[in-house]
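Visitor: Sequence:
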Amino acid sequence: MADPSVTPPPPPAPEQSQDFDIAEEYGTARKNLPPAGVVAICVAVVVAVVGLYAFTHRAKPHSTGSIDDVVVVPVPGQDMVLVAINISIESQEDKSSRIKSIQVSADVNGNKLSDDAVPAVDAQRYFTAFPDLKQHTLNLLTIGTRINPNGKVIGTLVASFSVKPEDFAARKSLTVTITPYDELPVVITK
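The numbering used here puts the first residue of the sequence shown at 1493, with every later residue one more than the last.
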């Protein structure tokens, strides 16, 4: 039987619930972050500084050039012209460079036509077949031509375009793009 002298333990007192707001514990963005205006100003300043740096330190060609003379000779029996172009390239670099590629393009009647400069061997054959093409010829400018540091190279290149001579004479522009190794292309337009 049960012993009447032992009293059962008193039941635990009911816990009183406390009002606990977790948001208050960890804070809110309003309390922990800087004002949005300050953040916006800082971001604008950083963007302006990066933009100014990018603008002042952008890549620039190390050489400049000009188209000095253009001689156009029609190919008989074809709607085609051969063009001899005298150009000058001036280097502003402290090291020498070599020409990787030469491309000539013309805007004729709204059509963009382009051609790579012909190799020296072919150019000599064209000069023999078309003596008028050789009128103001200088040394041939070819792939691999060296441009000395702070030097100037003057030469002739030959290209062909499949247009009538009168259409080529009415062209909007003539562009020579010379790409040296490890440099930006030099774009010369006339």
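To be clear, the hints were calculated from the coordinates, so they are not data collected in a lab. Note that the structure is predicted; figures quoted are calculated from it, not measured. Glycine included, each C-beta is placed from N, C-alpha and C at the ideal position. Among these hints, one or two may not hold up.
Claimed, not checked - Simulated pairs of lysine to aspartate or glutamate, EDC-like, Cα-Cα distance not exceeding 16 Å:
hint, residue 1, residue 2
1, K1664, D1614
2, K1644, D1586
3, K1552, E1658
4, K1626, D1560
5, K1626, D1614
6, K1552, D1571
7, K1592, D1607
8, K1604, D1659
9, K1552, D1586
10, K1682, D1599
11, K1552, D1674
12, K1644, E1585
13, K1644, D1560
14, K1592, D1659
15, K1592, E1658
16, K1626, D1561
17, K1644, E1582
18, K1587, D1674
19, K1656, D1571
20, K1682, D1586
21, K1682, E1585
22, K1587, E1675
23, K1552, D1599
24, K1592, D1571
25, K1656, D1599
Unchecked claim - Cβ pair distances, simulated, as ranges:
hint, residue 1, residue 2, range
26, P1641, I1559, 20 to 30 Å
27, V1539, P1657, 45 to 55 Å
28, A1528, E1585, 42 to 52 Å
29, A1621, A1661, 51 to 61 Å
30, Q1584, C1534, 19 to 29 Å
31, P1526, G1643, 48 to 58 Å
32, S1580, N1603, 26 to 36 Å
33, T1681, C1534, 40 to 50 Å
34, V1542, E1507, 33 to 43 Å
35, V1537, Q1584, 17 to 27 Å
36, L1525, E1585, 47 to 57 Å
Visitor: Which hints from the list above does the structure break, by number from lowest to highest?
Guide: 1, 3, 6, 14, 15, 20, 21, 23, 24, 29, 30, 34 and 35
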